[in-house]
Amino acid sequence: MARIVVVTSGKGGVGKTTTSASFATGLAMQGHRTVVIDFDVGLRNLDLIMGCERRVVYDLINVINGEAALHQSLIKDKHTDNLCVLPASQTRDKNALTMEGVGKVFEELSKDFEYIVCDSPAGIEHGALMALYFADEAIVTTNPEVSSVRDSDRILGILQSKSRRAELNLEPVKEHLLVTRYNPSRVDNGDMLTVEDVTDILAIPLLAVIPESPSVLKASNHGIPVVHQQDSDAGQAYRDMVARFLGAELPHRFIEPPRKGFLQKMFRSRA
Amino acid sequence: MTQTLSNRQSVPAFQLKSSIYTLTTLELHSPSIDELALQLASMADKAPSFFQQTPVILAFEELHSDLSFNLNRARHLLHETGMVLVAVRGGSQSLRKNAETIGIAWLPAQKSKKKSNVIMLSNPDSEMDIESIETKRNEIKPAVGPKIVETPVRSGQQIYAEGDLIVTSSVSAGAELLAGGSIHVYGPLRGRALAGVNSSDSDARIYATRFEAELVAICGQYKLTCQPDDSSWAELWGKPACVISDTGHLRIREL
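Protein chains in written order, with the working numbering: chain X, 1 to 271; chain D, 1 to 255.
Note that these hints are calculated values from the structure, not bench results. One or more of the hints may lead you astray.
[Claimed, not checked] Cut-off 20 Å, straight-line C-alpha distance, at most; resulting in silico cross-link-like pairs (SDA-like, lysine to any residue):
1. D/K239 with X/T199
2. X/K162 with D/C226
3. D/K239 with D/Q158
4. X/K78 with D/T151
5. X/K111 with X/K162
6. X/K174 with X/L217
7. D/K147 with X/N169
8. X/K162 with X/V102
9. D/K239 with X/L129
10. X/K174 with D/V149
11. D/K239 with X/E196
12. X/K11 with D/Q110
13. X/K174 with D/K239
14. X/K162 with X/L129
15. D/K239 with X/D197
16. X/K218 with D/K239
17. X/K162 with D/G174
18. X/K174 with D/S169
19. X/K11 with D/G174
20. X/K162 with D/Q110
21. X/K162 with D/V149
22. X/K11 with X/Q236
23. X/K76 with X/M99
24. D/K239 with X/K78
25. X/K78 with X/K174
26. X/K162 with D/K239
27. D/K147 with X/Q160
28. X/K162 with X/I204
29. X/K11 with X/K162
30. X/K174 with D/E150
31. X/K162 with D/E212
Starting from the given sequences, assemble the full structure and let the hints guide the process.
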């Protein structure tokens with residue numbers, strides 16, 4: 001039986017799609033058969049981040065409506081073995097997602113894959129509920145600022161009350177906290193919340209901290225998930241995240257600001 | 001003339017208010033109307049005036065099938081005993097339809113039941129007289145156990161307890177706790193806490209081991225904690241504290 005992992009946040013623009021792409025790619029790089037599904041019907045982006053936008057023929061809604069078979073809509077990733085992308089429709093809206101339809105798609109995908117990663121749309125409406133309803137685990141993506149933290153708190157409440165596991169009184173959805181766009185220097189200045197502030201408010205285990213990095217935007221624009229970049233700090237952080245998700249115990253990196261060089265220290269003490 | 005008109009407009013004909021009542025629930029264990037009739041008759045024999053004009057709810061959660069159940073007959077039976085059927089709870093879609101046809105409210109099935117609230121009136125052999133039933137009912141009303149919540153209460157969630165409410169985890173900003181009695185939070189209280197909501201009994205209190213509430217209220221008297229008018233609120237921020245109602249004013253104390 002495949003594990004269904006939803007990447008969710010409540011708030012938009014925090015890095016859900018970037019995380020879904022890198023996390024799914026990371027799992028596949030570790031040899032796990034993985035599929036990543038875009039639930040953002042009408043505002044699909046995952047195909048762009050994964051660099052397969054020109055290969056989309058059929059999408060999730062076509063499969064749900066019976067207009068295409070599942071294997072026709074799955075796009076095999078060019079860079080990584082074991083990885084497939086199931087894109088969203090750009091011409092429909094989120095109401096086209098039905099509970100039965102989504103359930104059937106998951107059932108069928110479970111036969112071929114070990115991990116099903118769901119890229120949730122922002123908000124707490126139908127689309128987001130469909131993405132999280134069947135989840136076994138949730139990666140709650142949060143930026144270190146108050147509105148993002150509050151929205152993540154709201155999403156955690158919804159996971160506890162409206163998911164399938166909550167409704168059937170099963171073991172609750174396993175929650176992981178992912179802090180993204182973390183800038184240690186700005187945290188030091190007091191512009192951003194610290195990792196401790198965020199974990200204190202949300203009270204769920206911290207999976208990883210992804211630093212704010214120019215390589216993320218570059219990777220997105222090139223359509224290659226940032227996890228592929230060996231020398232990028234964000235890429236390394238995503239690899240750590242995948243390893244921790246799979247059970248490895250690694251120390252958290254990228255939380256402290258970069259050490260200043262000798263000359264910079266001199267300059268600072270004079271100023 | 002214009003004045004009278006405008007006056008009339010400013011006074012609405014009615015106001016919608018929500019109230020909370022304790023209702024007698026008749027939990028059905030058998031779909032047979034005849035068994036129901038028999039048991040009702042023996043109960044009515046013992047306490048003829050006890051059930052006069054008592055509103056009751058028929059609960060169907062314990063029944064496996066209610067397809068053969070004649071709701072209209074059950075209503076007449078209850079009526080003969082003096083009880084007034086006001087609603088049915090749970091049951092099938094067809095039962096819900098039947099209730100709609102005869103003009104009775106429908107309530108969704110309850111997931112978990114408190115076994116402790118069961119009043120043993122069902123044993124026809126018991127030698128219970130009217131007085132003992134009366135006292136039993138009066139005893140049961142105030143004896144509502146505390147509601148215990150062990151998971152974090154998240155933003156946007158609302159928790160209501162008839163009696164006391166105990167939370168052993170955090171209460172996030174944007175969450176709301178409502179309790180008929182007192183509220184106890186063993187962790188950070190960052191949301192809203194309203195104690196003593198359905199009584200004028202101002203003994204209700206709010207306790208938190210880390211007090212950072214947005215708003216506190218006891219018996220309708222509320223206070224926004226962002227604009228504390230005396231320094232004790234600011235001093236105890238983030239610390240263990242207790243809020244009490246003192247002659248209509250809310251005060252905070254160290255724990």
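Mind checking the alpha carbons of D/K147 and X/Q160 for me, to see if they're no more than 20 Å apart? holds, 18 Å
Given the proposed pairing of D/K239 with D/Q158, does the C-alpha separation stay at or below 20 Å? violated, 24 Å
Is the straight-line distance between the alpha-carbon of X/K162 and that of D/G174 20 Å or less? holds, 18 Å
Taken at face value, is the distance from the CA of D/K239 to the CA of X/K218 at most 20 Å? Since the Cα atoms of X/K218 and D/K239 sit roughly 46 Å apart, the hinted pair is violated (cutoff 20 Å).
Given pair status - D/C226, X/K162, alpha carbons within 20 Å: violated, 32 Å
Take a quick look at whether D/K239 and X/L129 sit within 20 Å of each other, Cα to Cα. violated, 37 Å
Is D/K147 within 20 Å of X/N169, Cα to Cα? holds, 19 Å
Take a quick look at whether X/K11 and X/K162 sit within 20 Å of each other, Cα to Cα. Given pair X/K11, X/K162 holds - Cα atoms ~18 Å apart, limit 20 Å.
For X/K11 and D/G174, compute the direct alpha-carbon distance and say whether it is at most 20 Å. With a Cα-Cα distance of about 16 Å, the restraint between X/K11 and D/G174 holds, given a limit of 20 Å.
Would you mind confirming whether the straight-line C-alpha gap from X/K11 to X/Q236 stays at or under 20 Å? violated, 25 Å
Given the hint that D/K239 pairs with X/D197, does the C-alpha gap stay at or below 20 Å? Holds, at about 17 Å.
Just to be careful, I want the Cα atoms of X/K111 and X/K162 compared with a cutoff of 20 Å; is the pair within it? Since the Cα atoms of X/K111 and X/K162 sit roughly 26 Å apart, the hinted pair is violated (cutoff 20 Å).
The structure does not agree with the numbered hints 2, 3, 4, 5, 6, 9, 12, 13, 16, 22, 23, 24, 25, 26, 31 stated previously, though it agrees with the rest.
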